[in-house]
Amino acid sequence: MSVAWMRISAIAKNTFREASRNRVFAVLVLFCVGMMAFSIVLGRLSVHEEVRVMMDLGLAGMDLVGVVIALFLGVNLLSKELEKKTVYAVLPKPLPRWQFVVGKFLGLSGVMAALILAMSGVLNLFVLFVGGDVTELLLRAEALVMFEMLLVIAIAMFFASFSSPYLSAMFTAGVWMIGRGSAELEALAAGKLADSPARFVIEGLLAVLPDFSLFFVSGAVVESARVSIHETFVPWLFVLSMLGYALLYSFGALAFAAALFQRRDLT
Amino acid sequence: MSVVVVKDLKKTFVKGFWRKRSVALRGASFAVEPGEIFGFLGPNGAGKTTTLKILMGLIKADGGEALMFGKPCGDPSTRRRVGYLPESPYFYDHLTANELLDMMGALYGIDAATRRARGRVLLERVGIAHAAKRPLRSYSKGMLQRAGLAQALIAEPELVVLDEPMSGLDPIGRREVRDMLADLRTKGTTVLVCTHVLADAVTLCDRVGIVVGGIVRDQGLLSELLSPQILRVDVLIRATDEQRAGLQNRFDDVEFRSTAEGTLASLPSKEPVNGFLAACIGEGSEVLQVTPHKETLESLFIRQAQEGGNS
Ligand SMILES: Nc1ncnc2c1ncn2[C@@H]1O[C@H](COP(=O)(O)OP(=O)(O)OP(=O)(O)O)[C@@H](O)[C@H]1O
Ligand SMILES: [Mg+2]
Chain A
585 MSVAWMRISA
595 IAKNTFREAS
605 RNRVFAVLVL
615 FCVGMMAFSI
625 VLGRLSVHEE
635 VRVMMDLGLA
645 GMDLVGVVIA
655 LFLGVNLLSK
665 ELEKKTVYAV
675 LPKPLPRWQF
685 VVGKFLGLSG
695 VMAALILAMS
705 GVLNLFVLFV
715 GGDVTELLLR
725 AEALVMFEML
735 LVIAIAMFFA
745 SFSSPYLSAM
755 FTAGVWMIGR
765 GSAELEALAA
775 GKLADSPARF
785 VIEGLLAVLP
795 DFSLFFVSGA
805 VVESARVSIH
815 ETFVPWLFVL
825 SMLGYALLYS
835 FGALAFAAAL
845 FQRRDLT
Chain B
2 MSVVVVKDLK
12 KTFVKGFWRK
22 RSVALRGASF
32 AVEPGEIFGF
42 LGPNGAGKTT
52 TLKILMGLIK
62 ADGGEALMFG
72 KPCGDPSTRR
82 RVGYLPESPY
92 FYDHLTANEL
102 LDMMGALYGI
112 DAATRRARGR
122 VLLERVGIAH
132 AAKRPLRSYS
142 KGMLQRAGLA
152 QALIAEPELV
162 VLDEPMSGLD
172 PIGRREVRDM
182 LADLRTKGTT
192 VLVCTHVLAD
202 AVTLCDRVGI
212 VVGGIVRDQG
222 LLSELLSPQI
232 LRVDVLIRAT
242 DEQRAGLQNR
252 FDDVEFRSTA
262 EGTLASLPSK
272 EPVNGFLAAC
282 IGEGSEVLQV
292 TPHKETLESL
302 FIRQAQEGGN
312 S
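From first to last, the protein sequence lines stand for chains A and B.
Sequential numbering of the first sequence, starting at 585, is according to this note's numbering.
Sequential numbering of the second sequence, starting at 2, is according to this note's numbering.
Chain A extracted, bound-state conformation (with noise of 0.2 Å):
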């Protein structure tokens, strides 16, 4: 094992501990747990619709859920490591600060993952519940949650490299919203916005920032093809593609995050 591998492991299992040890989470994963029951009594009342409206609401919920988590972990990087000091004592250690940077981020992605493997256990487990079946189509969907959470948290880390929480947390939520509203923007710049210099800003935003709604994809249309969690969805390929394009966003955010840590005063 290289000494390398060996810091980051260190600061990434720590993170993983911290982060499982908060009750926060617990709360919010409940919360999401209850959204999911109450979709059975919405599914109740559109008759033969139970699993489907299970399916929408469920997954819908946990994404919600997850970006919100996803946000909370990634901003509080370094603000809560200063004010509580902590990071006084890591830091002087013989550890290049992207090191951190990547411990911190792999720590977290790690506990995005089981939250999300939980909250999809239980997703699964209401929807057999209602009398569907868990269909594959349904775990590619859950895997591209888990994918865009990645993401969320390396965009979260960015900001959190340089400003201030509340800002972070802005500009964030700011990024994932621009993200999952392409489309609508896209339309809106080629139609009403077409002649005003406002186009450009946001054909620019999109051409910069990445694509969250390609990470939700029941009922929407990829590549020109109307997609559905109940019919026809993304394939295994899509999924996959799709963690390549987290992968990559998230490794170039971490490495501008890791840039301006590092010429950072940590007083």
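There's no promise every hint is true.
As the list claims (entries may be wrong) - Restricting the straight-line Cα-Cα distance to at most 25 Å, the calculated cross-link-like pairs of lysine-lysine (DSS-like) are:
no. : chain 1 : residue 1 : chain 2 : residue 2
1   : A       : K597      : A       : K669
2   : A       : K669      : B       : K271
3   : B       : K134      : A       : K669
4   : A       : K597      : B       : K134
5   : A       : K668      : B       : K134
6   : B       : K11       : A       : K664
7   : A       : K664      : A       : K597
8   : B       : K142      : A       : K668
9   : A       : K664      : B       : K16
10  : B       : K11       : B       : K61
11  : B       : K21       : A       : K668
12  : A       : K668      : B       : K16
13  : B       : K21       : B       : K11
14  : B       : K271      : B       : K295
15  : B       : K8        : B       : K72
16  : B       : K11       : A       : K669
17  : A       : K664      : B       : K61
18  : B       : K61       : A       : K668
19  : B       : K142      : A       : K669
20  : B       : K16       : B       : K61
21  : A       : K597      : A       : K668
22  : B       : K8        : B       : K61
23  : B       : K21       : B       : K72
24  : B       : K16       : A       : K669
Stated by the list, open to error - From the derived model, a few chain A residues whose C-beta atoms are all more than 10 Å from chain B:
no. : residue
25  : A644
26  : V729
27  : G765
28  : D779
29  : P781
30  : F784
31  : V806
32  : S812
33  : F822
34  : V823
35  : A843
Claimed, not checked - The following label-pair restraints were derived from C-beta to C-beta distances:
no. : chain 1 : residue 1 : chain 2 : residue 2 : range
36  : B       : P172      : A       : R607      : 32 to 42 Å
37  : A       : K669      : B       : E125      : 47 to 57 Å
38  : B       : K11       : A       : E667      : 22 to 32 Å
39  : A       : E807      : B       : A118      : 52 to 62 Å
40  : A       : G788      : B       : S139      : 50 to 60 Å
Don't read these hints as lab results, they were simulated from the structure.
Glycine included, C-beta positions come from ideal geometry on N, C-alpha and C.
Starting from the structure of chain A, add chain B with the ligands where the hints point.
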């Protein structure tokens, strides 16, 4: 070669939207030699912690040089040889002391078996072995300070940098820390310790540097810094009012004061002491005690702080 060299170090903090400036270091210089215990002393806000943070690569200086083992201080390879205890340390409070030492050891690149063995010894040594399996959340301030000391020593560093190691410790704890530092010195470890507890500095340090207002105003052996000149001599006598009046008449530059133990006579220098004692005995009064007063680290410290404040 000096283990630590700080040359003309400058740092100004610029904060917030209004770019509010606060000058922490205005060109501090000092050096720590191998194997010594160097006391870095100064009043609150003098710039001690700032200097140590620059040495640890936590913040960057605006000007000047800070070297450890002859290399610029940000270098991770030199930090492998250094152990650091931050000011009022605080560690991940979900960890136990065992887990903390294990993690810090891993950051130094020490293998797992060695980490465990050293961790056990160190926790024993700093006196918190009984709480090794408890989360740090449940530790008292002094216990945290001890855990901090243990993590600073986990890599058996050649240089130990301690920011106020005595704060929060009870008298026994202070004594133990003093003994530990003395042990380190016997092993040849260099220690840079920052403190404003002067009594500790006097018993512990080989050399001291006194920083005031971001400038090192004095550094050197304690014996050299404190002027050997005798400031005044106090003579405690038991005398009747009559005898006292007689002495007062003959020595008009001596001040007399009544205390619980007798009459205290303060002589302005050591020259008249013999004559004064002879006179006392001649008058038939009893001499109880003769105390020469030299400059103490405390008076030096206060003088430096005042001069620093005025300039
Ligand atoms: N993060 C910061 N932002 C702004 N000013 C700071 C900051 N840290 C320190 N200072 C200023 O720099 C000066 C030196 O502070 P420093 O913490 O180095 O003092 P110190 O000698 O360690 O004092 P103490 O004995 O109280 O620990 C102080 O005037 C302080 O106000
Ligand atoms: Mg200080």
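We went through each hint and held it up to the structure:
1. A/K597 / A/K669: 19 Å, holds
2. A/K669 / B/K271: 52 Å, violated
3. B/K134 / A/K669: Status holds; Cα separation ~22 Å.
4. A/K597 / B/K134: 18 Å, holds
5. A/K668 / B/K134: Holds, because 21 Å separates the two Cα atoms, which is no more than 25 Å.
6. B/K11 / A/K664: Violated, at roughly 28 Å.
7. A/K664 / A/K597: Roughly 17 Å between the alpha carbons, so the hint for A/K664 and A/K597 holds.
8. B/K142 / A/K668: 14 Å, holds
9. A/K664 / B/K16: 19 Å, holds
10. B/K11 / B/K61: Given that 25 Å is the threshold and the Cα spacing comes to 10 Å, the pair holds.
11. B/K21 / A/K668: 24 Å, holds
12. A/K668 / B/K16: 19 Å, holds
13. B/K21 / B/K11: 17 Å, holds
14. B/K271 / B/K295: 11 Å, holds
15. B/K8 / B/K72: 13 Å, holds
16. B/K11 / A/K669: Holds, at roughly 23 Å.
17. A/K664 / B/K61: OK: A/K664 and B/K61 at ~21 Å, within 25 Å.
18. B/K61 / A/K668: Roughly 21 Å separates the two Cα atoms, so the pair holds.
19. B/K142 / A/K669: 14 Å, holds
20. B/K16 / B/K61: 15 Å, holds
21. A/K597 / A/K668: 19 Å, holds
22. B/K8 / B/K61: Distance ~14 Å between B/K8 and B/K61 Cα, so the pair holds.
23. B/K21 / B/K72: 32 Å, violated
24. B/K16 / A/K669: Measuring from Cα to Cα gives roughly 18 Å; hence the hint holds.
25. A644: Fine: 32 Å to the nearest Cβ keeps A/A644 off the interface.
26. V729: At roughly 27 Å from the nearest Cβ of chain B, A/V729 sits farther out than 10 Å, so the non-interface label holds.
27. G765: 31 Å, holds
28. D779: Non-interface label on A/D779 holds, nearest chain B Cβ at 37 Å vs cutoff 10 Å.
29. P781: Non-interface label on A/P781 holds, nearest chain B Cβ at 29 Å vs cutoff 10 Å.
30. F784: Fine: 30 Å to the nearest Cβ keeps A/F784 off the interface.
31. V806: 42 Å, holds
32. S812: 43 Å, holds
33. F822: 39 Å, holds
34. V823: 35 Å, holds
35. A843: 15 Å, holds
36. B/P172 / A/R607: 32 to 42 Å: 39 Å, holds
37. A/K669 / B/E125: 47 to 57 Å: 26 Å, violated
38. B/K11 / A/E667: 22 to 32 Å: With Cβ atoms ~27 Å apart, the hint holds.
39. A/E807 / B/A118: 52 to 62 Å: Holds, since A/E807 and B/A118 (Cβ atoms, about 59 Å apart) stay within the stated range.
40. A/G788 / B/S139: 50 to 60 Å: At roughly 53 Å between Cβ atoms, B/S139 and A/G788 fall inside 50 to 60 Å, so the hint holds.
In this structure, the hints that do not hold are numbers 2, 6, 23, 37, in rising order.
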